[in-house]
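K.L.:
Numbering (the working numbering), first residue to last: 16 to 628.
Hint data in this document are derived by calculation from the structure and do not stem from the laboratory. Note that beta-carbon positions come from the ideal geometry of N, C-alpha and C, so glycine has one too. Careful: at least some of the hints might be erroneous.
Restraint-style ranges between C-beta atoms, simulated for each label pair [claimed, not checked]: (1) E257 / L552: 22 to 28 Å; (2) N322 / P200: 44 to 50 Å; (3) L552 / D453: 49 to 55 Å; (4) K224 / K526: 39 to 45 Å; (5) R522 / E27: 46 to 52 Å; (6) L552 / D337: 34 to 40 Å.
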Amino acid sequence: MCGINGFNWRDEDLIKKMNTKITHRGPDGGGIFLDENISLGHRRLAIIDLSDKASQPMKSADGRFVITYNGELYNFKEIKKELLEFNFKSDSDTEVVLYSFIKWGEDALKKFNGIFSFAIWDKQKKELFLARDQSGVKPLYYWHNNRKFIFSSEVKAILEYENVRKDLNIDALNKYLRFLYCLGPETMWQGIMKLQPGHFAIVKDNNLKIESYYDLEEGTYLKESEADLRILIREQVERAVERQLISDRPVGLFLSGGLDSSIICAAMTKSAKGPIKTFSVGFETEIEKEKFNADFNLAKKTAEYFNTAHTPITITAKDVKDNFENCIIAMDEPVSNHIQVATYILAKEAKNQVAVVLGGDGGDETFGGYDRYYYNYFIERARMFFPLLMNKKIVQSIGGIFGKEELAKKLSSEHGLDRFWLFMAQKEDVISRFLNNDFNNAYSVRNAYTRYFEKSVKDNVNQMILTDLKTWLPDESLIRSDKLTMAHGLEERVPFLDKELVELAFRIPSKYKLNSRYQGKKCLKNAFADILPEFVLEERKRGFFSPAAKWLRTDLKPMVCEILSPGYSSKTAELFNWEVINDILNNHIDKKEYGLNTIWSLMTFQVWARNYL
Numbered sequence: 016m017c018g019i020n021g022f023n024w025r026d027e028d029l030i031k032k033m034n035t036k037i038t039h040r041g042p043d044g045g046g047i048f049l050d051e052n053i054s055l056g057h058r059r060l061a062i063i064d065l066s067d068k069a070s071q072p073m074k075s076a077d078g079r080f081v082i083t084y085n086g087e088l089y090n091f092k093e094i095k096k097e098l099l100e101f102n103f104k105s106d107s108d109t110e111v112v113l114y115s116f117i118k119w120g121e122d123a124l125k126k127f128n129g130i131f132s133f134a135i136w137d138k139q140k141k142e143l144f145l146a147r148d149q150s151g152v153k154p155l156y157y158w159h160n161n162r163k164f165i166f167s168s169e170v171k172a173i174l175e176y177e178n179v180r181k182d183l184n185i186d187a188l189n190k191y192l193r194f195l196y197c198l199g200p201e202t203m204w205q206g207i208m209k210l211q212p213g214h215f216a217i218v219k220d221n222n223l224k225i226e227s228y229y230d231l232e233e234g235t236y237l238k239e240s241e242a243d244l245r246i247l248i249r250e251q252v253e254r255a256v257e258r259q260l261i262s263d264r265p266v267g268l269f270l271s272g273g274l275d276s277s278i279i280c281a282a283m284t285k286s287a288k289g290p291i292k293t294f295s296v297g298f299e300t301e302i303e304k305e306k307f308n309a310d311f312n313l314a315k316k317t318a319e320y321f322n323t324a325h326t327p328i329t330i331t332a333k334d335v336k337d338n339f340e341n342c343i344i345a346m347d348e349p350v351s352n353h354i355q356v357a358t359y360i361l362a363k364e365a366k367n368q369v370a371v372v373l374g375g376d377g378g379d380e381t382f383g384g385y386d387r388y389y390y391n392y393f394i395e396r397a398r399m400f401f402p403l404l405m406n407k408k409i410v411q412s413i414g415g416i417f418g419k420e421e422l423a424k425k426l427s428s429e430h431g432l433d434r435f436w437l438f439m440a441q442k443e444d445v446i447s448r449f450l451n452n453d454f455n456n457a458y459s460v461r462n463a464y465t466r467y468f469e470k471s472v473k474d475n476v477n478q479m480i481l482t483d484l485k486t487w488l489p490d491e492s493l494i495r496s497d498k499l500t501m502a503h504g505l506e507e508r509v510p511f512l513d514k515e516l517v518e519l520a521f522r523i524p525s526k527y528k529l530n531s532r533y534q535g536k537k538c539l540k541n542a543f544a545d546i547l548p549e550f551v552l553e554e555r556k557r558g559f560f561s562p563a564a565k566w567l568r569t570d571l572k573p574m575v576c577e578i579l580s581p582g583y584s585s586k587t588a589e590l591f592n593w594e595v596i597n598d599i600l601n602n603h604i605d606k607k608e609y610g611l612n613t614i615w616s617l618m619t620f621q622v623w624a625r626n627y628l
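Work out the full structure, taking the sequences as your base and the hints as a guide.
P.N.:
Now the structure itself:
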């Protein structure tokens with residue numbers, strides 16, 4: 016895994032500055048390529064073929080093509096067998112990507128099973144080709160002003176170009192405050208964009224063309240029995256893990272104690288040579304210690320069960336305070352998640368022992384693990400048997416009587432955007448209070464998600480899953496997993512987003528993903544029931560709890576009070592009603608009203624703005 020940079024003009028000083036800005040992504044070396052109409056940069060984290068032969072940017076044998084590549088192609092050995100006409104100088108997957116493009120052009124992307132973002136320069140055509148993997152595991156940002164085009168794995172490198180303005184994108188801010196991440200293709204900067212997952216771009220004669228090469232859509236659902244599905248899922252997950260263990264450097268596992276990482280641990284035990292190195296994070300707190308360390312303690316039991324070489328790490332409120340700003344800087348774009356500092360510290364510690372880790376990201380999205388999926392499934396089934404639930408006024412009146420207004424809204428909402436909004440968005444009345452009217456635009460946020468609900472579907476739960484796969488997963492979850500690990504030169508791989516596994520999972524009807532108690536991932540759990548410990552199988556899914564809400568009232572109170580003030584950043588002073596924000600903070604501190612999500616999102620944005628605007 017690496018970092019890539021480039022632009023469509025020659026400037027040695029700028030490309031070197033950009034490389035320096037992302038040195039953390041590639042601590043094992045760097046290189047540049049310069050020509051009349053191109054500058055390409057690369058920072059290397061050597062994983063496969065550690066020799067200098069695999070260094071980048073890499074030229075084709077005839078010198079016509081040059082590639083700068085970030086990622087891992089898990090099926091590169093199979094594809095290499097179809098490229099016998101080429102003489103390979105290395106054993107790297109980079110060279111396979113390069114010659115695949117030379118042979119098949121953009122159609123090569125359909126053959127790739129991996130995580131990647133890359134750019135290839137065609138010297139003869141004077142054409143730059145860029146692509147990003149189908150799930151969006153690897154980031155790729157760009158800026159284009161109709162004359163100049165510049166790209167990078169991280170925005171901080173693009174900002175090295177003096178003509179790129181650091182202007183706030185108000186539409187992106189509105190989306191962030193409601194969903195706690197920046198929905199692609201926009202970023203929080205005006206004019207800086209993300210190349211979307213499953214897309215490629217071509218830059219020629221200063222023109223930019225972007226096209227989709229991969230789109231996961233509802234198709235024919237599998238008709239296999241549950242017993243046959245268990246076999247299919249088991250085989251595909253184990254194959255995905257085995258593929259992603261390929262490395263010339265040590266591989267470990269982020270072990271949370273939940274179902275997904277426990278399954279990966281079981282599969283790694285079957286494929287790995289020697290004890291697996293596992294890592295987990297917990298919290299040092301005197302308040303509700305068991306609650307906040309439930310997953311941490313479960314991870315230790317799971318590690319003992321599978322006899323792994325386990326490293327448990329505990330963090331304090333002081334660790335959060337000391338690392339908060341560095342974590343936000345590492346993220347590039349603001350993502351509000353109160354466990355990301357824990358992940359940042361965990362990655363730093365894991366890097367001391369391994370160069371690669373596997374993680375359980377994507378398991379909930381592909382196999383229906385989140386509560387919003389089974390609530391949605393419950394609502395649809397309930398409305399089939401109780402037609403009164405179709406009447407919004409009746410349901411909301413009953414909900415009001417029993418003090419369940421929010422649940423009543425969800426029960427009576429129509430499937431699609433309305434219900435997605437109720438499950439996912441932050442409370443609109445709170446945002447309208449602290450975000451000044453001149454900058455508040457809820458309509459633009461809803462409109463951005465409309466396209467995911469335009470088509471009629473056979474399976475409403477899978478439609479919600481698909482929406483998450485195209486929005487929340489790449490722009491929240493995967494951004495965190497990439498940026499927080501690569502900040503320390505650590506590569507994270509995600510077996511549950513193996514291309515073949517995702518395609519299999521999406522063809523499984525939701526009735527097989529949810530059990531009679533409306534718990535998710537039924538078919539996944541059943542597929543590994545014979546090799547997982549009972550304490551994992553019996554554990555109900557829960558969110559990853561942290562003491563963040565309590566720390567805001569105690570150890571982190573001075574920090575949050577400083578950050579949530581109009582004087583902290585001149586760039587944000589006019590955006591918000593600071594009296595309202597002060598009330599929200601004080602109400603949380605005094606335990607009058609729970610405000611963790613609102614407070615954390617504003618803290619994150621404030622620190623981001625002071626560093627990046």
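K.L.:
Do N322 and P200 keep their Cβ atoms within the hinted range of 44 to 50 Å?
P.N.:
Since the Cβ atoms of N322 and P200 sit about 45 Å apart, the hinted range of 44 to 50 Å holds.
K.L.:
If you check the beta carbons of L552 and D337, does the distance land in 34 to 40 Å?
P.N.:
38 Å, holds
K.L.:
Holds or violated: 49 to 55 Å for the Cβ distance of L552 and D453?
P.N.:
53 Å, holds
K.L.:
Can you tell me whether the CB distance of E257 to L552 sits inside 22 to 28 Å?
P.N.:
Holds: the Cβ-Cβ distance is about 23 Å, inside 22 to 28 Å.
K.L.:
Does 46 to 52 Å hold as the CB distance between R522 and E27, or does it fail?
P.N.:
50 Å, holds
K.L.:
Range hint 39 to 45 Å: satisfied by the CB atoms of K224 and K526?
P.N.:
42 Å, holds
Checked against the numbered hints given earlier, this structure breaks none of them.
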